[in-house]
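Let the sequences and hints guide you as you build the complete structure.
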Amino acid sequence: MEQRACRPSGGRRKSLNKRHGGMINGLQCLYTNAQSMGNKQDELELLVQQTKYDIIGITETWWDKSHDWNVIMEGYNLFQRNRPDKKGGGVALYVRDVYTCEEIQDLEPQSQSESIWVKIKGEKNNSDLIVGVYYRSPSQTEDIDDAFLEQMAKHAKGREIVVMGDFNYPDICWMSNSAKSIRSNRFLTALADNFIVQKVGEATRGTAILDLVLTNVDDLVSGVEVEGSLGASDHALLKFTIQRKGAAKHTRTQFLDFKKADFIKLREVLGEIPWTVILKGKGVQDGWEFVKREIVKAQLQAIPMRRKHGRCLKKPGWLSKELLTELRLKKDVYKKWKRGETTKEEFKQIASTCRHKVRKAKAQNELRLAREVKSNKKGFYGYVRSKRKNKETVGSLRGEDGEMQTGDTERAELLNAFFASVFSDKENNARPEEFGANDSAEETQPRITKEIVQEYLASLDVFKSPGPDELHPRVLKELADVISEPLAVIFENSWRTGEVPADWRRANVVPIFKKGKREDPNNYRPVSLTSIPGKILEQIIKQTVCEHLERNAVITNSQHGFLKNKSCQTNLISFFDRITSLVDEGNAVDVVYLDFSKAFDKVPHDILVKKLVKCGLDYATTQWICNWLTDRTQRVLINGSSSSWRRVTSGVPQGSVLGPVLFNIFINDLDDGLKGILIKFADDTKLGGVANTPEDRITLQNDLDRLENWAKTNKMNFNREKCKVLHLGKKNERHKYKMGDTWLESSTCEKDLGVLVDHKLDMSQQCDAAAKKANAILGLHQ
1 MEQRACRPSG GRRKSLNKRH GGMINGLQCL YTNAQSMGNK QDELELLVQQ TKYDIIGITE
61 TWWDKSHDWN VIMEGYNLFQ RNRPDKKGGG VALYVRDVYT CEEIQDLEPQ SQSESIWVKI
121 KGEKNNSDLI VGVYYRSPSQ TEDIDDAFLE QMAKHAKGRE IVVMGDFNYP DICWMSNSAK
181 SIRSNRFLTA LADNFIVQKV GEATRGTAIL DLVLTNVDDL VSGVEVEGSL GASDHALLKF
241 TIQRKGAAKH TRTQFLDFKK ADFIKLREVL GEIPWTVILK GKGVQDGWEF VKREIVKAQL
301 QAIPMRRKHG RCLKKPGWLS KELLTELRLK KDVYKKWKRG ETTKEEFKQI ASTCRHKVRK
361 AKAQNELRLA REVKSNKKGF YGYVRSKRKN KETVGSLRGE DGEMQTGDTE RAELLNAFFA
421 SVFSDKENNA RPEEFGANDS AEETQPRITK EIVQEYLASL DVFKSPGPDE LHPRVLKELA
481 DVISEPLAVI FENSWRTGEV PADWRRANVV PIFKKGKRED PNNYRPVSLT SIPGKILEQI
541 IKQTVCEHLE RNAVITNSQH GFLKNKSCQT NLISFFDRIT SLVDEGNAVD VVYLDFSKAF
601 DKVPHDILVK KLVKCGLDYA TTQWICNWLT DRTQRVLING SSSSWRRVTS GVPQGSVLGP
661 VLFNIFINDL DDGLKGILIK FADDTKLGGV ANTPEDRITL QNDLDRLENW AKTNKMNFNR
721 EKCKVLHLGK KNERHKYKMG DTWLESSTCE KDLGVLVDHK LDMSQQCDAA AKKANAILGL
781 HQ
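So that you can map any letter, position 550 of the sequence shown is 550 in full-length UniProt numbering, and since no number is skipped, the others follow by simple counting.
Since the hints were made in silico from the structure, they are not lab data. If you're wondering where the values come from, they're calculated on a predicted model, not measured in any experiment. Among the hints, a few may not be true.
Quick list of in silico lysine-lysine cross-link-like pairs, DSS-like style, CA-CA up to 30 Å [to be verified]:
1) K377 x K464
2) K378 x K566
3) K321 x K331
Pairwise CB distance ranges, derived in the manner of DEER restraints [as the list claims (entries may be wrong)]:
4) L329 x K378: 34 to 44 Å
5) N709 x S421: 24 to 34 Å
6) K738 x E289: 49 to 59 Å
7) D218 x Q254: 52 to 62 Å
8) S574 x F463: 33 to 43 Å
9) L324 x G407: 35 to 45 Å
10) G206 x R306: 45 to 55 Å
11) Q254 x L324: 43 to 53 Å
12) T556 x W645: 34 to 44 Å
13) S644 x R431: 25 to 35 Å
14) L324 x Q301: 21 to 31 Å
15) W645 x G317: 39 to 49 Å
16) Q254 x M175: 35 to 45 Å
Note that the Cβ used here is the ideal one computed from N, Cα and C, for glycine as well.
Shown next, in the form of structure tokens:
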């Protein structure tokens, strides 16, 4: 067994750091026992900027659920295991997001050992690499020791592994490969039995080698260095190289390079086209194809393309040369302390000063972003998103056959197949006239003028993504005064005739991760990116629809979603007020939380059209919406790779302008005939009522039966497993309710009335938290 890792010579070290195609030759790794990451996260980000580590392992993170805000590092996937019921401990592993990796979760799930195992896909012919992080508490029991050794042995069979961590075996002498205690000798025997070698040759805490790097391939790990510390932790940092290259994710995504765009030329080229003359006599589809083709052609002449490169870590806004100098000073003082040239107290003072400066710089940056939110929304919300625990990236996906899909195209196909599986088997097309609507000459359709279209174009958000027609909002905004006239002609003809171009009925679907296991396609929400010009016409039509709904009081007061002067807050206050008033009067109250399964995706088009006619919407608008919903197609995009197109046979597109309004109309009659209190926010529905007597509870059960019948009639499904009952009031008998043949479970949150919130943390709350944190930290240094 190898006891000491030899340091590479200068030439050897240089060869390790050579760049090959933008990637370091080998995986650069960093490990430490942090002894709480609470005040060290900022310094870790600073270290990452100095050396672009591929893998970072940490033990004793001391994280729990309250640390979701600041643990994410942009450019990395984070895998972690925290102690669920007590403080301390915890392990984490950061892996650069350019690599294809996944956590191994199905091995010894009952084990209590604090360890994490991640599989990193190897490049080309290289085998996959298993990387583990392990923390062994000094008070750990023998059965947990044995569980970890069993884990390690199973992973080491036929695969290359690297394990880093704090093993806490201070009595092991790695020079002689011997130990004093029985448990330490058992550990050495396990390493020998699995041909695993230890690569750290210098003390990592005091005079002991507690932090180890283990591997079952002798030359797999090289260049191990014991250097500095994170914060004032008394454990050293370990830097080393894994002599393998992970399979980097390649993206086909290309962007318009607006920094090199010639907008003057763009406007000149399109300004010479006699739009009115050419569009005269053309149908909507032909006219649209001509306008789109000319814009794309001019776009190619005036704006170059660039490919997205995900290999560079983004430099944070708070990073400065002064901070890098402070970090180097801290590292130098650490070396002097280890050589006995200075005291431990002096090193701790330098470490504390470095930490305070880093935190202050980061807090000032957060405060600046908060203050400039009105003028720089993209920067502010981008920073907030970068700190959120639930990242929106798509991981490896498990298909119905149990096989894991890692390729971009394969994952896109898998997700599109799943998204399409929730649609109705058959598209139910219907025409407005089937339900009594007629093309009345008395209908007055608002005129779509050049000025109206120009106003919409000028107000486009240039940071939004284009749809399948590839017309970018930045380009359309720059051309507002040039293309507003031809678009106005096409929009008015489309609305008047009901003809909808095929591009406006296509969608690029972006999968957004919700929660749960990332490998489960069911845990992703499909958001449609549709044509920007098509969305402008949707906005114009939506305004007319909303004015009609408001003027005729069509939408019931129970709906709070996507309506003027209503929101999640009004939803909560209205329901909370009525329910708590009943409880305050001494009543027993039962509240049923209802969950529709894939509500937006399952809306039957024929039933929706019938309801549009019933609410009195004019024929032209109803016909346009009917055609807009018919023959829709979608594809999923991941890293520039796309799935094949699939038919959309039901539903209203999530991410469209008209979708939420149409869903409100569709679900509007949900509370017809109900006796209890019903509140809706789009499809999120709550039903409540007094439950003092058997008659009261029968009334509430009858309401549930009516809702079940509504769902059957409207071809919708309740997800009964997610429907819960909340029992309130001291004298509540906790009656059982059922939907169909399923008894509903009682909520376990009776004592927490905060369950009345719609379980959605508003982004503004996270922004406020960031600003408060910045102010608090700044206050410590002023």
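Item to check | T556 paired with W645, Cβ distance criterion 34 to 44 Å | outcome: holds, 38 Å
Item to check | Range hint compliance [Cβ, D218 to Q254, 52 to 62 Å] | outcome: violated, 43 Å
Item to check | Given pair status - K464, K377, alpha carbons within 30 Å | outcome: holds, 12 Å
Item to check | Supplied distance hint 21 to 31 Å, evaluated on CB atoms of L324 and Q301 | outcome: Given range 21 to 31 Å: violated, Cβ gap about 43 Å.
Next on the checklist: 25 to 35 Å was suggested as the range; check whether the CB atoms of S644 and R431 agree with it.
Outcome noted: holds, 30 Å
Next on the checklist: The hint says 39 to 49 Å between W645 and G317; measuring C-beta to C-beta, is that right?
Outcome noted: Because 41 Å falls inside the window, the suggested range holds.
Checklist entry - So does L329 sit 34 to 44 Å from K378, Cβ to Cβ? => result For L329 and K378 the Cβ distance comes to about 35 Å; the hint holds.
Checklist entry - Does the hinted range 49 to 59 Å hold for K738 and E289 at CB? => result The hinted range 49 to 59 Å holds for K738 and E289, with Cβ atoms some 55 Å apart.
Checklist entry - Is the hinted range of 24 to 34 Å satisfied by the C-beta distance from N709 to S421? => result holds, 25 Å
Checklist entry - In this structure, is the beta-carbon distance linking Q254 and L324 contained in 43 to 53 Å? => result The hint (43 to 53 Å, Cβ to Cβ) is violated, given that Q254 and L324 are roughly 34 Å apart.
Item to check | S574 paired with F463, Cβ distance criterion 33 to 43 Å | outcome: For S574 and F463 the Cβ distance comes to about 34 Å; the hint holds.
Checklist entry - Quick one, are K321 and K331 close enough, alpha carbons at most 30 Å? => result With a Cα-Cα distance of about 15 Å, the restraint between K321 and K331 holds, given a limit of 30 Å.
Checked against the numbered hints above, the structure violates hints 7, 11, 14 and 16; every other hint is satisfied.
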